[in-house]
Each structure stands twice: as C-alpha cells, then as structure tokens.
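Peer 1: Protein chains in written order, with my numbering: chain A, 11 to 148; chain B, 17 to 677.
Just so you know, the hints here were simulated from the structure itself, not pulled from any lab data. Don't take every hint at face value.
Think about it this way: if two alpha-carbon atoms lie no more than 16 Å apart in a straight line, the pair counts; the simulated EDC-like pairs of lysine to aspartate or glutamate are [claimed, not checked]:
1. Lys399/B with Asp48/A
2. Lys78/A with Asp556/B
3. Lys585/B with Asp556/B
4. Lys585/B with Asp548/B
5. Lys350/B with Glu215/B
6. Lys284/B with Glu393/B
7. Lys550/B with Asp77/A
8. Lys399/B with Asp77/A
9. Lys15/A with Asp556/B
10. Lys399/B with Glu40/A
11. Lys350/B with Asp556/B
12. Lys78/A with Asp632/B
13. Lys16/A with Glu359/B
One letter stands for each residue in the lines below.
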Amino acid sequence: MNFRKKFILVVIVFGLLTVAWISMDFKSQEVPFISVSDLVNHKEMFRQDRFRLGGNVQEGTIHYSDDKLTVDFLLKQGDSIVPVEHTSAAIPDLFKDGAQVIVEGSYKEGIFYADNLMTKCASRYEEESKYTSVSETN
Amino acid sequence: MIAILGNTLLLMSFAFTVYGILSATLYTANGNRKFMLSGERAILSSSVFVILSTIGLLIELLRSNFTLEYVARYSSAETPTLYKFSGLWAGMQGSLLFWVMILSVFIIMVIYQNRNRHQKLMPWVLITLGVIQLFFLAMSNFFENPFTPIPAGMVMNGMGLNPLLQNPVMLIHPPLLYLGFIGFSIPFAFGMAAMITGELDTVWIRTTRRWTLVTWLFLSVAIIMGGRWAYVELGWGGYWAWDPVENASLLPWLTGTAYIHSVLIQEKKNMLRIWNMVLIMVTFTLTIFGTYLTRSGVVSSVHAFAATDLGVWFFWFIVLILVTNIILLVIRRKELASVNRLESFVGRESGFLFNNMLFVAMMLTVLWGTMYPILSEAVTGTKITVGSPYFNRVMIPLGLLLLFLTGVGPLLAWRRTTTRSLRRNFTLPFIVGLILTGIFGAVSKMTLIYPLISVLLISFVAAIIFLEFFKGTKARHRMTGAGYLKSFFELLEKNRSRYGGYIVHLGIVMMFLGFTGKVFDKEADLSMNQGDIKTVGHYDIEYTDYWLETPETNPDTRSNHAAKIVTLKISKNGSYYTTLNAERRFYTDQNNQPSSEVSLKATLFEDLYIVLGSLDLHSGNAILKVRVNHLVSWVWLGTFVLILGSLVSLNIGGLIKGKSL
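With the hints as extra help, turn the sequences into a complete structure.
Peer 2: Right, here's the structure in full:
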C-alpha cells in the first residue's frame, strides 16, 4: 500500500470516528421545534423531553412575579394557546405584548416551563405593520 | 433628485455589466483586443456607477430624506449622525447595495493591478467577477431596490435604527464582514480563470496571495467583533452562541483558513492542486451561502433579515456556481493531478493535510448543525434544532487537535521528520506544558478533562513559539553580532511569512485561553432594593442609587432615548473595588423599545458583567443579572496579536513604500 492510499485511509477512519462521535449522543441533543397545537393535542407524539415552541405573546397576558424574576404569559400560535413560565433576570429587550418569540424547555401538566426565551428581532427589521403604524402616528 | 440619480446609476451599471461580460466573452472567442478593452471599461464604469449610487443613498440617509422608504425605515431625525451611516447596512436593500459596492471597489483594484499582466487569465477573471456583480445588481435593481420612493409628506419621521445596532462596534463589524466575505471573490475568480484557460501552475495562487490574506484578516476580525458586540450589547453574557448567522460567517472562515495553509504546499511543492481549487471554490460558495442564509429567512436567527423571495434566486445562483465548478474540475482533473507524492505522516506536508482535514471536518460539523432544522423538516416534517451542546461536543475536541497542530505543524521538516528532531524541538515545550498544567490544576482544583488538555496544549504551543523566536534571535545575534532587539526585528524582516504566521498562531493560542475560561463562569439573578448588599463569587454588590435620564434632561447624550440607571458599589474580597452604573434604555424613536446596556469591569483574569433587567422607579426595586466571566479579555487581546501577526506577514511597511499587492 503506498502512502497516498494510507493517508486516504486515515482520513476515512477519522471521518468515521467523527461521525460515530456525533451520532453517539445526537438524539439527546435534538430539540424538536413543534407547533403549539401539536403540543396541546398530541403530547404523546413527541418522545423528547425538550421542545421549542414558536408563536406570539398574547396581548395583555404578560405577568411578572413579585420579585420580577419570573415571567408568565400565554403563547399563541394560530388558534392554539399554551401558558409559558420563564425565570430569568435578563428578559430579552424585545420581549413584549405581541412579540414573536421562541421558547425552549419542557411541558409539565399544562404549563410550558421555558429555560430559554428568544425573541425574533428579525421580524422587527422588516415588519410591515410597524411601518404603517409609524406613518399613521405621524 | 439624488435618489432618482442613484436609481438611474444602479440601472445603468446593470446594463454596463451585461455589456462588459458579453464583450469580454467575445474577446475570448475572437481574440480581438478591442473587445477586451471595451469590456474592461464597461465593467469599470459600472463599478464607478455603483459607488456613486451608494454615496447617493448615504447622502439621503445623512440628510434624513424620508421620502425614501429605506431611509424612513432605518433612520430617524433623532438618530445620531454616526449611526445614520450604519443605516446603509441595517436593512436588506441597503446591505445588498453595500455588498455590490465593495465588490465594485475590489473589481476596480483588480483591473488596475493587473492592467499589464496576466493577459490570458484576466478576461476570465473579469467575466467571473462581472457575473457575481451582475447577480447582486439584479437583486438590487429588480427585487430589493433601496431607492423605492414613498409620497412626500406621508412620513414625517423615520422609524430609527434598531437600538441593538446603535453601538460603535456595529459601525465596524458589518463592513469588515463584507470585506471578508467579498474578498474571497478575487482568488475565486483567478481560480476559475486558471481552470478555464488551463494555466494551472501557481500563478493564480501567487497573484492572489495578498488578497487572500487581507480578506482572511478582515473576516477573522469581523467574526470576533461580532462576538464582542454580542458580549457588550446583547447582554446574555457570552460572545458566541452557535447562532445560524454566526455559523454562516464561520463556515467560509474555516475553509478559507484551510486554504491559506494548503496553498503554501502548492507554492513550495506543487502538490494539492485539485484540493486548493476545491477549497477556494467551497470557500467562495460558502460566502454566498452565508449571505443567502441571513437573507432568505430559511433559518430563524436573532439577526436574520425577514423572509423574502430573494432566497430562490440565491439558491439558483449557488447551484450555478457549484455546477460550473464541478464541470470544470471534471474537465481539468488530469491536468490538475500532482506530480509530487506524500512520503510520511510526520512531515510538513502531512501536517498541513491534517490541518486541512480538521478544518473541513469542523466546517461540515457546523454546516450539519446549522442546516439540521431544515433537513429534518424536509425528511420528517418536524423541525428539529440542535444547539450549543452538539456544537461543543464536536468542535471542542476538533479545536484541541487543531491547537496541537498549530504548535507542531510548523516545526515539522518537509517530507519527513526524524525522531531526533522531534525530540529536540518538543521535549522542553512539553515539560513546560506539563508543569504549567500541574500548577493550573492545583490552583483551580479543576478535574474536567478538556480544560486540562486545553491548558496543556496552550502552554505547550506557546512555549514552542517563544522558543522559536528565541532560537532565531540568538542565531542571528551570533551570526551578525547585532544586539538582541535588533536581531529580533531582523529575524521578522527576513522571514515575514513564517514569523508573522507564528505571531498569528500565538494570537490563536491566547484566544483558546479565553475560550477555556468559560468553564469557570458564574451567574446569578438578583432582585435588589436600594441599600441591599448581595454576594456573587468574591464580589459584594451594594445597590446605592437609582435615577432616570430622558431626552429632556440630557439632550446632548440621550437625544433618542430615556435611561433608567442604577449605581452599584462593588467590593472584591471585602475591600472597595469599583463603582458601576448599569442602565436600561428606552428608545423614544422606536416605540420605547427597551435596550439594556451591559456594564462591565474587565481585567485580565475576570470580567464582572452586570445587566439591569428592570427597574421600578417607584419602589426602586431592581432586577440584575450578574456574571463573573473568566479570561474573556484574552479573546480580545489574542485578536490584536492576530492582527499584528497578519500585518507582519503582509509586509504592510513594504506596501506603504510602494510595492504593489
């Protein structure tokens, strides 16, 4: 076997090792992104403990605990609604009524406990409704 | 008026570029030099038009002409002048124009540099760059036109710039990132020209060597500045989160870094010719792909632009690039085959090959993780994301292997290294590494394996680099009799690319130290009332005061926002340390959009990082997020060293004295 072939063999072995290393623990790192209605109606469909949900914050439902460290609100996607609870001192700046958010966490007895709350500031860049509201208010 | 002019110029440059491409293509068919000159001038004019058009948009942004939809969206009368500049790349339309503007500047430079050389390559370089320019011009003209007007008087004041972008770093990060992305077009265009003409020796690589290095430097600094921005502006406490858009910038960096290493082998040994071609093609494709990711809305990310139908066009453009590349590679595969062969696993060539293998593996890892939500949705119907745990699991071991090679690779001899030379070069650094790791382990009581390996490698590699400088300087001192300091600078002067490379590596080592510090980070969420004292780590935080500042009370410093501010008196290990003000802003031109300003006390070993989550002005109750981050400063310091090393390699001094690129 010449050296070139040996080297190719090394690369292949390395590649296989890397793939094996990834797949060994891949399932546990997967976080499915599911819809609120699927979560509410077909919880048994999803085996993972952790999910991501996306939707909008229902207007007027944001409520802070007395020490202000925990926030709960209703997450609305289409016609489905799920209550969400999240504990953190640093709520993202763009979190507010109607904001588009992604929450990650687990679902227990009707409440989604999020340990990660992300706001999509993306939509703010190009949001059509906001733009018209500016021209109206002026 | 300016807007109409800008729009007309943009349309004209589209037409000129079409003509330029056709004319240059005709030249390659009939060899009539007039067609080449004509094509060159057309594309030059087109590039000048684009630049003028961009200046036009900038003027409109600066004078707040709200009859342009773009200006109304990304600027307001209250936006500080400095940040009116950022408006240029804050939105989709402006950023596309800005993109093609930078490409145009590069095209002008390339045409000027090569006006009397590379007669065979240049037509195809011009055509390739022309096609790229045409694609972005088409986007700018027909899909995302920045000069779209709205009736006068309809908008009295614009929406203002996103507060997150109102940060000095954001003035520099996007332009640098663009330079770093677009710069890869140049070596790519030369590679394409080499493939098409069959001029496959090292000319195309040598010609674009400096372009590639400068581009790589811009991209590296841009990525780190993005991290810096996230650190000081987003307030979640870190600088890298494996967000899809961060990943998009990292992908071409990984293959680009592999490329700048492997071309060295082609220059020295005329090997790896196919591989280098593949690398530059992949790198360029990844820059376009990165742009596509951020602008098509296919991945949800904090900084992605909203979804548009632009994605389809980007997709087909990427397909076009890939298909052209593959066809060319297949046609030229015989001519590209190397003459020289690899001989040993412990030679410089193999070192470079392993380096390339690791970079490519890292690229594929990041690509897989980034695209997984899309792939899984296509296959199973459910979008499944993988986050930091996945990336860290794979990237940390790969990164450590790479760190090892950073130290060992450059000291391997070409072809084959003897055991004796291995022992001579690496024994002392290895002992130094072991001792420092022992001390580190004893002091920090660290028992995790990765941080220990990381510290071992960091000290090992740093020792190797210092030893190299020491040996080189000493040898020169003995040879010339000059003083040590003079010998040191002469050493750099005589072998810039080698010692510049060492300095860059040292910068990378310092950054690894910063990455490693993350394992010690502490975080606490505090709810405090005035007068409270709370403890985080060895810091005591006393909440002493709070107040409100508004555009009325502070018109000079707070023209477009109000700020709630708390004062915190910090003691460290029981004695007074510092006083920090943490503030939360509300941007009045953005529907009172809140934005927390991170207050930071950074030292070499620790950063005290405080974010004001909320403040009740009636009761004075403040919610604070406090983090103690370790060794983060080394990431930024390493960046400076990396820049310094790149500048040494690039021979900036010589450049200023008038040597051409």
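Peer 1: Next step is simple, just say for each hint if it's right about the structure.
Peer 2: Hints, one by one, checked against the model:
1. Lys399/B with Asp48/A: holds, 13 Å
2. Lys78/A with Asp556/B: Roughly 21 Å separates the two Cα atoms, so the pair is violated.
3. Lys585/B with Asp556/B: holds, 8 Å
4. Lys585/B with Asp548/B: holds, 11 Å
5. Lys350/B with Glu215/B: Distance of about 13 Å is within 16 Å: holds.
6. Lys284/B with Glu393/B: violated, 46 Å
7. Lys550/B with Asp77/A: Holds - the C-alpha atoms of Asp77/A and Lys550/B are around 15 Å apart, at most 16 Å.
8. Lys399/B with Asp77/A: The given pair, whose Cα atoms are some 36 Å apart, is violated under the 16 Å limit.
9. Lys15/A with Asp556/B: Not satisfied, since the Cα-Cα distance of roughly 62 Å exceeds 16 Å.
10. Lys399/B with Glu40/A: holds, 10 Å
11. Lys350/B with Asp556/B: Not OK: Lys350/B and Asp556/B at ~70 Å, beyond 16 Å, violated.
12. Lys78/A with Asp632/B: holds, 10 Å
13. Lys16/A with Glu359/B: holds, 10 Å
Against the hints set out earlier in the document, violations occur for numbers 2, 6, 8, 9, 11.
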